[in-house]
Each structure stands twice: as C-alpha cells, then as structure tokens.
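Now for the letters of each chain:
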Amino acid sequence: MTLIVQQGTAGPPADRAIRAMFEDRKSVFVDLLKWDLPVLDGRFELDAFDNEHATYLIIADEQNDHLGSARLLPTTREHLLGSLFAELCAAAPPSGPDVVEITRFCLSRRRTAESRRATRNRLVTALAWYALETGIRTYTGVAELAWLQQVLAFGWECRPLGPPARSSCGTIGALAIEIRPDTPALLAANGIWDMVEPAISIRQAA
Amino acid sequence: MFDRVEAFVRDVRGLTTEDELAQALAEIVEELGFRYFALTHHVDVRRTSTAIRIHNYPEGWAQWFDEQSLGSSDPVHRASNVTSIGFPWSRLPELVALTDKDRQILQLARRHGIGDGFTVPAHVPGESHGSCSFACAAGERMADEHLPLAQLVGAFAFEAARRMRRMRFSPGPVQLTDRQRECVMWAARGKTDWEIARLLGVSEATVGEHLRHAYERYGVGKRTLVAVHALFDGTIGFLDVLRR
Numbered sequence: 001m002t003l004i005v006q007q008g009t010a011g012p013p014a015d016r017a018i019r020a021m022f023e024d025r026k027s028v029f030v031d032l033l034k035w036d037l038p039v040l041d042g043r044f045e046l047d048a049f050d051n052e053h054a055t056y057l058i059i060a061d062e063q064n065d066h067l068g069s070a071r072l073l074p075t076t077r078e079h080l081l082g083s084l085f086a087e088l089c090a091a092a093p094p095s096g097p098d099v100v101e102i103t104r105f106c107l108s109r110r111r112t113a114e115s116r117r118a119t120r121n122r123l124v125t126a127l128a129w130y131a132l133e134t135g136i137r138t139y140t141g142v143a144e145l146a147w148l149q150q151v152l153a154f155g156w157e158c159r160p161l162g163p164p165a166r167s168s169c170g171t172i173g174a175l176a177i178e179i180r181p182d183t184p185a186l187l188a189a190n191g192i193w194d195m196v197e198p199a200i201s202i203r204q205a206a
Numbered sequence: 001m002f003d004r005v006e007a008f009v010r011d012v013r014g015l016t017t018e019d020e021l022a023q024a025l026a027e028i029v030e031e032l033g034f035r036y037f038a039l040t041h042h043v044d045v046r047r048t049s050t051a052i053r054i055h056n057y058p059e060g061w062a063q064w065f066d067e068q069s070l071g072s073s074d075p076v077h078r079a080s081n082v083t084s085i086g087f088p089w090s091r092l093p094e095l096v097a098l099t100d101k102d103r104q105i106l107q108l109a110r111r112h113g114i115g116d117g118f119t120v121p122a123h124v125p126g127e128s129h130g131s132c133s134f135a136c137a138a139g140e141r142m143a144d145e146h147l148p149l150a151q152l153v154g155a156f157a158f159e160a161a162r163r164m165r166r167m168r169f170s171p172g173p174v175q176l177t178d179r180q181r182e183c184v185m186w187a188a189r190g191k192t193d194w195e196i197a198r199l200l201g202v203s204e205a206t207v208g209e210h211l212r213h214a215y216e217r218y219g220v221g222k223r224t225l226v227a228v229h230a231l232f233d234g235t236i237g238f239l240d241v242l243r244r
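Read top to bottom, the protein sequences are chains R and U.
Quick note on our numbering: the first sequence kicks off at 1 and runs consecutively.
Quick note on our numbering: the second sequence kicks off at 1 and runs consecutively.
Don't read these hints as lab results, they were simulated from the structure.
Treat the numbers as computed from the prediction; the structure is a model and nothing was measured.
In this text, a Cβ means the ideal position worked out from N, Cα and C, and glycines have one as well.
Hints are supplied without guarantee of correctness; some may be wrong.
Claimed, not checked - Going by beta-carbon spacing under 10 Å, a handful of chain U positions derived as facing chain R:
{"hint": "1", "residue": "Q104"}
{"hint": "2", "residue": "L108"}
{"hint": "3", "residue": "P125"}
{"hint": "4", "residue": "A143"}
{"hint": "5", "residue": "D144"}
{"hint": "6", "residue": "M164"}
{"hint": "7", "residue": "R166"}
{"hint": "8", "residue": "L211"}
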C-alpha cells in the first residue's frame, strides 16, 4: 500500500495507478452517479481541471493499482466553487494559497465494501497529512448532501458555506474543512486515522 | 437566515451536554418556523443505553411513542432508512407503504398537537440509523423556503449528539480475519458450510470453525444474525451479497 502524491498530469498517462484512477473515476462519476462529464477514449473521465495545476492524492496497492484518490485544485486559479458552483456559497468562496479545493473523491468500485472503507479512511488521513505537510489550512468542496453525515462523522471540523441546492446530480452543498494540528487526533477518535507510507518524493508531471 | 445557521454550527461544536444541544435546537427550530424537534437513533430507546434521543415533543406523545416501542417501526423512521436526503412528511406515502397502524400513529401525533414536519436522515456506516425531525404545531404552515437550512441544522446537530455519545461510550469495532469475512459473505449469500468449503477449497470443518469465530466476535449464535451484523457495520457490503 502506498500513497502517491502526483503533481499535474499530461494527457492519458502511462503510469498504471493514474490510468486506473481515470478509469475508476469514469466508473464512479459517469456510470454510477450519472454526472454529465467528458469521457476520453470511452474509458477515462478527464476534464479541463485535470491539468498541470491539479494535485492527485492516490492510494495504490502493491501492484500499483488504484484503490482511491482525490484531486486537489488551487483556489488561486479557476476551480469548481469559484466558477461552476459559486452560487452555493453565501459569501465569496474561500480562496488563497492556503485554501485548496477537494474534487473527485473516488473509491474504486472494483473493490469490496470493506476494502473501500479502509481506502476511504486512508485517503481522508492522506488529505489531512498532506495539508499539514504543505501548509493548507482549509479544504473546500462541493458535496452531495447524501454524504454530508458521513463526512461530518470523520470528526474533522466542517462548516457549511451556503444553503444546499438541488442540481442535476442531487442536492448539493458547499463545505469548508479546517485542518489544524489537532485534526489527526480528531480523525483518530473516530477510527478514521490510518496513515499509509507516502512514495519517496512528490512526483512531477512529465 | 444562513448566518444564523452558521452561528448554530459554530456554537454546537463547543457544547458538551445534550441539554445544551436541546436548548440550541429549540431556539433555531423556532427561527426556521417549526415548534418541535426530535433527534434520535432508530432503536427502541428503552433497551439501548447508547442510543441518542433528544426532543421537545409534548410529554404525552413521547411517552406513548416509547411505550409502543415505536423507535424502529415509526413510519417517519422507516422512510428515513430508504433515503439520505431530508423529506417533508407529506412525501411519506411515496417513500414507504403506509399500513393502517402507520396512519393511526400519524393521526395520534396530530391529536397531540404535532403538525407537518421535515425529517433529515442521519446515516453513518456501521452505526444505528438515525434522524433529526422538525415539526410544526398542528395547523401551522411549514416554511418551505427554510427546508434546505433545516437539512444542514439536522446534520450538524446529529453529529454533535454523536460526538457527545462517543465521549461517553466508545466501543471498539469488530474485526474479522479475511477468511472469516469470506465465509460470512458466502453464508449471507445462502451457501451451506459444505458449499463454502468447495468454493474456498478448504474442509467443511474449517468453514465451521471460521463461522464459529465470527459468531463469537459479534456475540451472536446464528448464521442470519452474523450476516446482518456484518452487513450493518460494513464488514461485508450489500453488493457483495446481491451480486450474481
């Protein structure tokens, strides 16, 4: 089990974990959740935000296969809450060098429920770890309300950014998550904290 | 009105007792146009000491409700087990098939002064289902424009109550070995020990042994119960069982 931190992407990737991530993203967001998203070669879910500014946190197994991942977008550039979903925020969407947007939180459907739950915990842990390592203080994101209770139950500090609204992909709302030095302890108290050894260095896009 | 909800979310984070939470809820539900709230796990509260239950329903109604052990069979609770998004009670007939007894319960609630309502389901994998309901006094109109905010209040209030509970009771999760989990998954799919033994390439006695250990870990003595417990806490998934 490894945590891969990948900076940016350059087209359909050769790396197995990343390729599988885009395939699993299609399976989850297009096939299962029916989001209206572009699909590349009928296999990969990749959009305009999958560019050199995106950072990917990927949990991969020993064979370098994708188990789960999240895409992080800087809020100092164009991002979802700043553009497509701005109306979900009561005030201006939080932005700045220490504010990062979480998008495409994805768990591979090719795994069992138990494995997905373990991956979910590792990915949430990786998000908190990465924020503390790199000076991110706030994560923002758009969440389907159906997941809200689960996101709150991780134990980290969340707050709503505006009233929820109906959309083509269900009732959605904007959230902010504050990451502080005590976040790992809060996650641990809820049985979530599970740190996976990160791959040696932060990889740069080719 | 959203700033009021923001303040509520901030305030409940610092609360430590259920009485304080009840007070905060009583104040905000009134501002959202409701009279009553009920935040509860869907279990028979007289039997489950760790269950959450905070409400300001009229005394007579709450007592009758508990005496009938309605925690898990109440139509509103049943409906909130089949959806993850808040729903007005007017949608109940779309969500669950209402029985004569359900209609009697709803009528009786009205007689106790409880009118239209809105329920926010609260599902945390591996824990009892729960919900946070808001109700108007009978005869008063529900403020539809506030329902998205009620959805947020319900979710954050439930998490606050959950945190308070966790500080008092902290049961460790049940852990099965991979082999035990596989046996439980096949048992849940209706396979006999003999069939599971063939599927996994081990002896029938070994399968029996794995299942017995799984029973012990959940503290149950039956095949069906171990399957239900493992489904409930997410050790096995519904899709694992229903897959063809």
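The hints, checked one at a time:
At its closest, the beta carbon of U:Q104 sits 30 Å from a beta carbon of chain R; the interface hint therefore is violated under the 10 Å criterion. Annotation: interface hint on U:L108 violated; nearest CB of chain R at approximately 29 Å, more than 10 Å. Taken as an interface hint, U:P125 checks out: its beta carbon lies about 7 Å from the nearest beta carbon of chain R, inside 10 Å. For the restraint placing U:A143 at the interface with chain R, the shortest Cβ-Cβ distance is roughly 13 Å, beyond the 10 Å limit, so the hint is violated.
With a least beta-carbon distance of about 13 Å to chain R, the hint placing U:D144 at the interface is violated under the 10 Å criterion. With its C-beta approaching chain R no nearer than about 13 Å, U:M164 sits outside the 10 Å limit, and its interface hint is violated. Restraint check, U:R166 versus chain R: the minimum CB separation of about 7 Å is within 10 Å; hint holds. For U:L211, the suggested interface contact is broken, since its CB lies about 17 Å from the closest CB of chain R, more than 10 Å.
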